[in-house]
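Protein chains in written order, with our numbering: chain Z, 13 to 335; chain W, 13 to 335; chain L, 13 to 335; chain D, 13 to 335.
In case anyone wonders, no lab produced these hints; they're calculated from the structure.
Worth double-checking, as some hints may not be accurate.
Same chains, same label: a pair holds when it works inside one copy or across any pair of copies.
[Said to hold, decoys possible] Once the Cα atoms are required to be at most 27 Å apart in a straight line, the calculated DSS-like pairs of lysine-lysine come out as:
#, residue 1, residue 2
1, Lys239, Lys253
2, Lys297, Lys239
3, Lys331, Lys297
4, Lys331, Lys153
5, Lys239, Lys175
6, Lys59, Lys175
7, Lys175, Lys331
8, Lys125, Lys175
9, Lys59, Lys184
10, Lys59, Lys125
11, Lys253, Lys297
There are 4 protein chains.
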Amino acid sequence: MNTFGRIFRVSLFGESHGSTIGIIIDGCPPGIPLTEEDFTADLQRRKSGVTGTTPRIEEDRPILASGIFQGYTTGAPLTILFQNQNTHSEDYSRFVSTPRPGHADFTGNQKFKGFNDPRGGGHFSGRITLTLVAAGVIAKKILAPTNIQSSILEIGGKTEWNKILEEAIADKDSLGGIVECWITGVPAGWGEPFFDSIESNLAHILFAIPAIKGVEFGSGFAAARMKGSEHNDRILNAEGKTVTQNAGGINGGISNGNDLIFRVAIKPTSSIGIPQQTFNFQIGKTEILEVTGRHDACIALRIPPVIEAAAAIALADFKLLYC
Amino acid sequence: MNTFGRIFRVSLFGESHGSTIGIIIDGCPPGIPLTEEDFTADLQRRKSGVTGTTPRIEEDRPILASGIFQGYTTGAPLTILFQNQNTHSEDYSRFVSTPRPGHADFTGNQKFKGFNDPRGGGHFSGRITLTLVAAGVIAKKILAPTNIQSSILEIGGKTEWNKILEEAIADKDSLGGIVECWITGVPAGWGEPFFDSIESNLAHILFAIPAIKGVEFGSGFAAARMKGSEHNDRILNAEGKTVTQNAGGINGGISNGNDLIFRVAIKPTSSIGIPQQTFNFQIGKTEILEVTGRHDACIALRIPPVIEAAAAIALADFKLLYC
Amino acid sequence: MNTFGRIFRVSLFGESHGSTIGIIIDGCPPGIPLTEEDFTADLQRRKSGVTGTTPRIEEDRPILASGIFQGYTTGAPLTILFQNQNTHSEDYSRFVSTPRPGHADFTGNQKFKGFNDPRGGGHFSGRITLTLVAAGVIAKKILAPTNIQSSILEIGGKTEWNKILEEAIADKDSLGGIVECWITGVPAGWGEPFFDSIESNLAHILFAIPAIKGVEFGSGFAAARMKGSEHNDRILNAEGKTVTQNAGGINGGISNGNDLIFRVAIKPTSSIGIPQQTFNFQIGKTEILEVTGRHDACIALRIPPVIEAAAAIALADFKLLYC
Amino acid sequence: MNTFGRIFRVSLFGESHGSTIGIIIDGCPPGIPLTEEDFTADLQRRKSGVTGTTPRIEEDRPILASGIFQGYTTGAPLTILFQNQNTHSEDYSRFVSTPRPGHADFTGNQKFKGFNDPRGGGHFSGRITLTLVAAGVIAKKILAPTNIQSSILEIGGKTEWNKILEEAIADKDSLGGIVECWITGVPAGWGEPFFDSIESNLAHILFAIPAIKGVEFGSGFAAARMKGSEHNDRILNAEGKTVTQNAGGINGGISNGNDLIFRVAIKPTSSIGIPQQTFNFQIGKTEILEVTGRHDACIALRIPPVIEAAAAIALADFKLLYC
């Protein structure tokens, strides 16, 4: 069940400290020009490097392993591989018995009966979102001229967050954030009533991204505090343009020709340097755990290109389904 | 794409003012005792009748059309039908040219190229959620002793809402609300990393319910404003119980053995009696529309059993997948 | 898993002696004119009545329960129901303990743990193919001008079979047969390499039809006895037309613009009036069983419209996927 | 649509002359011991080398790129890669304009609008079946003690085929064949009525294998020439064992506890050294084509392990679904 999509279908694989991570894209149309350079911008935006991100630096060079011939997609399954290089696996082995709070150490062990790869979070790692960003590059090409832009609305509850970010780093703590995404150029009529609504599909892939704990469309949770007379978006013209954007561009699960708008809530990174109480399953009692591995103080800083990629994958699937 | 689930698969159909609405459940295990009476409680909770709900009253008697023999499920596809009886279709025909703001009148016409059934919202109607509630009754039986309870947290932004609800009714306006759902008894280990996370699946089906515009797990959007040291749920014992519930019972997409907790934002009912500006596509200009059909002033009042049913359907699918 | 298709998706339900059988079609395009009369010809071809078919006569009147408005498909899920009327359920109860050879009595009980509806074969009954024929009527409309024609090649190994059929009836025995299907007007380029080849999809749905035990494309099993120089179809012109049809119109899983040709092997009806040895699971020993229920001496006689419907459903799905 | 399975899901990719081919297995249970050596036997059986097989020799060393940790499957997606090494791509470029009869050159170009990778058949190549065999190794481990054995029944219509094979090689011609597969140890109750019958699933994946043009279960096409009194398998004991195996171990789409038996027809290799007439799409007329690339005179010789792998993949999926 590691596949998303109906026509444009992505299947991802790999572990944080394994040799190779990758993604297969099935249903990619033939004839799309594609080079390694096309991936540079979005992969670069996702990379760590700025204040508040992990010291683990990876080259993140995409290997186009199948589905490409003479610079164009062929229509056959398109595979993109990445080699992991900067791995320090000794950091992680003890988390099998002493799971880190907030991480998938405990749940991964429960699910996979102790056979889970614990190194760097294994398959649960945010590192795997690299493959989503790669697939998103192709999805964006398919969607053009539809345009997807996401930006950070707030970090730690602030719209100007430099100071609290530096405090959090100094405190060995972490911060969450909210990212907003605007999508222009989606025509009216994409999506389905009920199970394949635009909201259902976008939320499905957005909640697949580690650390995301909330998704809202248009005025979202604020809508619950509005009256119908305030919330209803008045239709202005024959293209269906509305004065306000409370519906986030979606009525009855279907795009209405206005911009799609949604926001996601990103929890603070679970890895923090502050000692935390957890349970030692080997000796059967609570203990204090100090996490020393490399991590992002604020993963939200690196998430916008992942959000865009996820949205692009979901929408490219709709476009190929209808157009 | 009107199907949800991998093992416990539901496919719904019907229109608000058509003769019959229904749901097929594929993958229902054999040997579950089932009678019409089993449906009474949840169908009754979804019914209108209290202040703020529609004057359209339907009998909502489930017809078990297949998959049942001598009072037990057989394992073959189980079909539940309902006959619509209280329909006033003359109310709706003009909304084809003059779509109601907030409704799917415009998007439905765009999508279905003018062949959409406009009567009572057609297939987009909240009436179809009746079939979800029916399927949820069976899903809850499969899930037992896992227990799902939802309740209204606020209506129109208030935790005591009688007064503003009566005001909204008097004003011919409508209100939204927030519903919270608690699920006890889900063992650790359900869900998958990435595309089949618990959050992805729950959000997928929740956003299929008309009027839902936001979904958050655990502390949700509030998590974005917390520090990691506040948000991380400390693990207390060998069952994985945690002191706090900020993760909503889910780490890495997988249940951690604590209660699952989520909240949904429900927009105010789009149908209001107040005259609204919209666009008349026939004559090509804006005009004032007065909606006189029957509707709920606050659909959130009737949504808790629908939320529970949706969650039950998604979780029964996980249970049958693993257990 | 009672659903077939990716875009044009059919989900069927019902039992031979239940009240209602039916099919939901998801993904049917809007705007297709559709009336009850459109179903008459193919439903009539499937009906019993001629020599060698069952004395059970059903009206087989299709009820268009959803997805239709003012004579056109709406794009919402389209549901077709049939009421069973001519049922004699007392005939079947003893087959729970004493399964009929060749039938699904034993396997159904194993699978469904004794909760299976045994009446008339329950959900396993060939009666359910009525719903496939109904869905096929719509699929054929979508496919036009692509044309699907099937005919009986042989019954009981003979191309003129009247005499052996009357002998089999007189002997209370049954006969199998071979049906061939020719499909004209499929353009080159439908199908996918590997798992979604035309052959894979057609065979999938054909083997879903009770009694079918073999499927071959083009020269099929005879191809295994040919040389490459004999089997290769020489390409004649820019449309890809070939001199011979050994590939059955499919290369690499993809249509080549020639007619699609396949044949199916239909086993003799399992129900025969001749006493047969079987096992009585209640008393734990072999015993002689005499089957007295109503049945077809040669089900192959009624299968051509079912074959066509199955092929039409699979191909309509491809057409909607690509066109 | 390059994925097969519901629980044990395989997605394959790659081209005959690309750098890498591979397969992702999703839904593989954790804790299965797995080493490179486990693949040796089946990969070796598929290899060329004996009389009548291609001179292209590849090392076929499996690279376990994800889903493995310390010698055991982890439960995360398991990826197996192979590097292509012995490629002569200059052989193939002219087949874009002058398609080889029997190959997917024409259909691939039609489907993929001229962007298809023509080298060695690209993604259509039988080389990709290497990845199926690799996935089959794991599927067989999951299925144990269920045992799958296939063998060649006939080549070119003969059960002793050395002489005609050498003649075909001398004539630069090719031969087809028939392979039979016996599967022991499948318990009664696997499979579903209708669309997920055992026959439907096995046939689906079998017809995904290049060169297979017919599939039959039990007595198959011969059943069409039998009487019911001959064909019905008499049940002998409480395990459901039958005297004969005409049903191939499947009734109503569900395993009956006897051996599963099926046969596949394999067409003669399309590549032959004899000059053949085809159409030159560039100059617009028929011409004589001489194919000089490396190929198998009889691909059927190498197909038994591919057949077994395909069957294992389909049945492992059923086992994980039910057990």
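Status of each hint after checking the structure:
{"no.": "1", "hint": "Lys239 - Lys253", "in the structure": "within (21 Å within a copy, 40 Å between copies)"}
{"no.": "2", "hint": "Lys297 - Lys239", "in the structure": "between (51 Å within a copy, 26 Å between copies)"}
{"no.": "3", "hint": "Lys331 - Lys297", "in the structure": "neither (53 Å within a copy, 30 Å between copies)"}
{"no.": "4", "hint": "Lys331 - Lys153", "in the structure": "both (12 Å within a copy, 25 Å between copies)"}
{"no.": "5", "hint": "Lys239 - Lys175", "in the structure": "between (38 Å within a copy, 14 Å between copies)"}
{"no.": "6", "hint": "Lys59 - Lys175", "in the structure": "within (22 Å within a copy, 52 Å between copies)"}
{"no.": "7", "hint": "Lys175 - Lys331", "in the structure": "neither (42 Å within a copy, 46 Å between copies)"}
{"no.": "8", "hint": "Lys125 - Lys175", "in the structure": "neither (43 Å within a copy, 53 Å between copies)"}
{"no.": "9", "hint": "Lys59 - Lys184", "in the structure": "within (21 Å within a copy, 52 Å between copies)"}
{"no.": "10", "hint": "Lys59 - Lys125", "in the structure": "neither (33 Å within a copy, 36 Å between copies)"}
{"no.": "11", "hint": "Lys253 - Lys297", "in the structure": "between (60 Å within a copy, 13 Å between copies)"}
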